[in-house]
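These protein sequence lines are chains L and A, in that order.
For the first sequence, position 41 (counting from the first letter as 1) is numbered 41 according to the numbering used here, and the numbering increases by one without interruption.
For any residue, its number in the numbering used here is found by taking its place in the second sequence, counting from 1, and adding 1000.
Everything labelled a hint here was simulated from the structure, so no lab data went into it.
Being a predicted model, the structure only gives us computed values, none of them experimental.
All C-beta atoms in this analysis are idealised placements derived from N, C-alpha and C, irrespective of residue type, glycine included.
A hint or two may mislead.
What the hints assert, rightly or not - Example chain L residues on the side facing chain A (calculated, C-beta under 10 Å, incomplete):
no., residue
1, E56
2, F130
3, L256
4, R306
5, G315
6, A326
7, P367
8, D401
9, I402
10, G410
11, F427
12, I434
13, R439
14, T440
15, I444
Unchecked claim - Some chain A residues flagged as far from chain L (calculated, every beta-carbon gap over 12 Å):
no., residue
16, E1109
17, P1292
18, D1432
As the list claims (entries may be wrong) - Which stretches of chain L does chain A cover? Using the computed rule of at least three CB atoms under 8 Å from a CB of chain A, they are:
no., region
19, 99-108
20, 329-340
There are 2 protein chains.
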Amino acid sequence: MTKRVAVIGGDAAGMGAATQARRLDPSMEIVAFEKGAYTSYSACGIPYVVSGQVPELDSLVVRSPQEHRDRSRIDVRTGHEVTGIDLAARRLEVRDQSRARTYHAPFDELMLGLGAVPIRPDLPGIDDAFVHGVQTLGDAAALLAEAERGRCSRVVVVGGGYIGLEMAEAFVARGMKVAVIESAEHVMGTLDPEMAEPVEQAMRALGIDLRTGVKVTGFGHRIVETEAGPVGADLVVLGLGVRPNTALLEGTGIELGVKGAVRVDRRQQASVEGVWAAGDCGESTHLVSGRPVHIALGTVANKQARVAGTNLGGGYASFPGVLGTAVTRICSTEIGRTGLSAAEAAQAGFSVVSTTIDSTTTAGYLPGAPTVRVRMIAERGTGRVLGVQVVGGAGSAKRIDIAATAITAGMDVQQIVDLDLGYAPPFSPLWDPIAVAARTLQTIA
Amino acid sequence: MTKRVAVIGGDAAGMGAATQARRLDPSMEIVAFEKGAYTSYSACGIPYVVSGQVPELDSLVVRSPQEHRDRSRIDVRTGHEVTGIDLAARRLEVRDQSRARTYHAPFDELMLGLGAVPIRPDLPGIDDAFVHGVQTLGDAAALLAEAERGRCSRVVVVGGGYIGLEMAEAFVARGMKVAVIESAEHVMGTLDPEMAEPVEQAMRALGIDLRTGVKVTGFGHRIVETEAGPVGADLVVLGLGVRPNTALLEGTGIELGVKGAVRVDRRQQASVEGVWAAGDCGESTHLVSGRPVHIALGTVANKQARVAGTNLGGGYASFPGVLGTAVTRICSTEIGRTGLSAAEAAQAGFSVVSTTIDSTTTAGYLPGAPTVRVRMIAERGTGRVLGVQVVGGAGSAKRIDIAATAITAGMDVQQIVDLDLGYAPPFSPLWDPIAVAARTLQTIA
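Chain L extracted, bound-state conformation (with noise of 0.2 Å):
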């Protein structure tokens, strides 16, 4: 008999899996759930289309429902919104919207590509209509449309994290007066805090109003109110990261792990025989740490999509793991994150050496040459490499990628003094900034 595969998400993990093991496998049946009337798109284009750089919402898109049909006879059926498993019986309970009628849908396997929600603290108002999350292209269209009628000339962002941050410098793109509320003493929570600063003077440099260490309560009509007093806003944006969508999975037996992510083993199967899972709903292995870690990144969840659709379709593939490698552009400051940070390492229970050394992305030479700093932060004793952070001018952010594919390596900082790497005077000082952060690590690791 033809395998059945059931598929609920539309994004890059449920639809990556489905055409991965569409390839290995011509005959089984795929059918694929969306509720949402997008599949296959670029969430983190969203800043760039909300301010105007890329011109249209549709370039977001990778691959359209109808592209998937065509190409990879995948039967997507947007607008239907899974609303019950039942594992027992093998079958999904679906909710077909346009027609407001609810039907049931066999399979033989299951693929989880619910992806991820923005978190939405419990504050007064906070599901009023001003407050935006940025997660769908659903979410973009709305921002897109209230930066472009202009209206919103206050833009209130909750939270320093990257969307938030890139969601920030869209609207001071667009004219608008920006505020950035954190409740943490600095903004991007996954750097170290003497990485933070350079960010923090760069969006003020632009004008972003940033206020640090202040907790939001609730908001009101046109207002944002904090502990340290209330903020007018026109249009409030949620940038207080996302936890995995999966509460379509409470009582299932599915079993979930960290904040609510689907547990998966290298192959990405869940905890039940045939239903797998990718990308923000489920877990990742932290390649340093080797624990359990909730990653929602588009990177990781089109890899872990083609491991699942892999073995989906009787291939044999696994996911090894990720390091939280992250990078982004806020206010012209290039920042790159890999590993651990040295609060991440400490709570994995290493006992760290670090440094932080300034350097440049050119040849020092050269005029204009960008400043870069970098941290890096290693096991004391082992000189073992286990995080690194780079802020700095153009050129800064994907140097991270040496640090990324060393610390995959298992390289100490000696290694990393010894690598060869590119120089040129218009590409890299003679010791490129991460090997001088490497050099002078090993005289204190």
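Knowing the structure of chain L, use the given hints to seat chain A on it.
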């Protein structure tokens, strides 16, 4: 008795070793002999001075003779040329150019930082004053004077390697008419042919008269003679590569290896006890082929100098080897390469598979996303990556560092696919081009 160290050569290799030795041993006597006027400068920066981008030739000097004297108590003698080495008597014969006298200098240990000299083929007219090498700051001063005088309206570069192409672009920036003559079918012999083509297109788009597959036969009055007829020239720049400057070592018993480079062990010690070498005059071990190679690059010189200096100073350090990583920018086209080219891999006895992919250095939906081409070469069967080349727009060159780090770690294509590399729309497509190449190669490796 105080140990006496003699250093021959005042650039990166010699002075780097001397400085490092001084750090470890405050008591030794260190005398450094340099026949020119400068110490510790960035020869890689010469094209940027000639183009006018770097306003002062002196900007390239990292540390002057006086700074070496003051900071590291090194007795630097510029204008002093070593004309003989007597290893049995442990003394040098030195010519003091300014006083036109010759004297002997004793030593206990000897550091060779002899550098390299531009290859000058034995052609009629090669020693004419209008034929310039590009190696020392003296060469740079001469070329800069020509560029600024502006009398040489027609520049002919002989040889299409890194330095030749960088100089070609520099003279174009000065408004001169530039021809490049290369005897091989393609420029950039360290790249495979399909990677050299986009570089050639970019050169021609800039108005450079590129003649490949053409042999130079001699130099006349304002003429470069070639097999394909004469080319008018007011100035000729040699870009034919360099050879180790080891003529001084003939007959000393110091063993020479590939291309006449000093053979060294992993501590940078030559075949004679107490004689050390680093940089362009010496051999390195290639980390992929395991074979001795001569790679004249500032990065290698600096690292080897640090190792030699540590050992000279009584410590222990070793240099693992090189990948021949190199990056440059020619006419807005960024170029990077590391490891073995397909031809080099075949020569080293590998059976290889390779792929060439086209991608972008940012998310494809960002307006003006620069294109990039990646070529990856892997060992057949094992999938171990042997070499990578990149050519493309902004953001291309330094991606080679991912490959350099991965190759150093002995990674195969699967491990590169699995790398947790940084992604954000301004910096990368979701799958980094390096990972795309690995993923493509995976299907055929």
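Hint check results:
no. : hint    : verdict
1   : E56     : holds (8 Å)
2   : F130    : violated (27 Å)
3   : L256    : violated (23 Å)
4   : R306    : holds (8 Å)
5   : G315    : violated (12 Å)
6   : A326    : holds (6 Å)
7   : P367    : holds (7 Å)
8   : D401    : holds (5 Å)
9   : I402    : holds (5 Å)
10  : G410    : holds (8 Å)
11  : F427    : holds (5 Å)
12  : I434    : holds (8 Å)
13  : R439    : holds (9 Å)
14  : T440    : violated (13 Å)
15  : I444    : violated (15 Å)
16  : E1109   : holds (24 Å)
17  : P1292   : holds (15 Å)
18  : D1432   : violated (7 Å)
19  : 99-108  : violated (count 0)
20  : 329-340 : holds (count 4)
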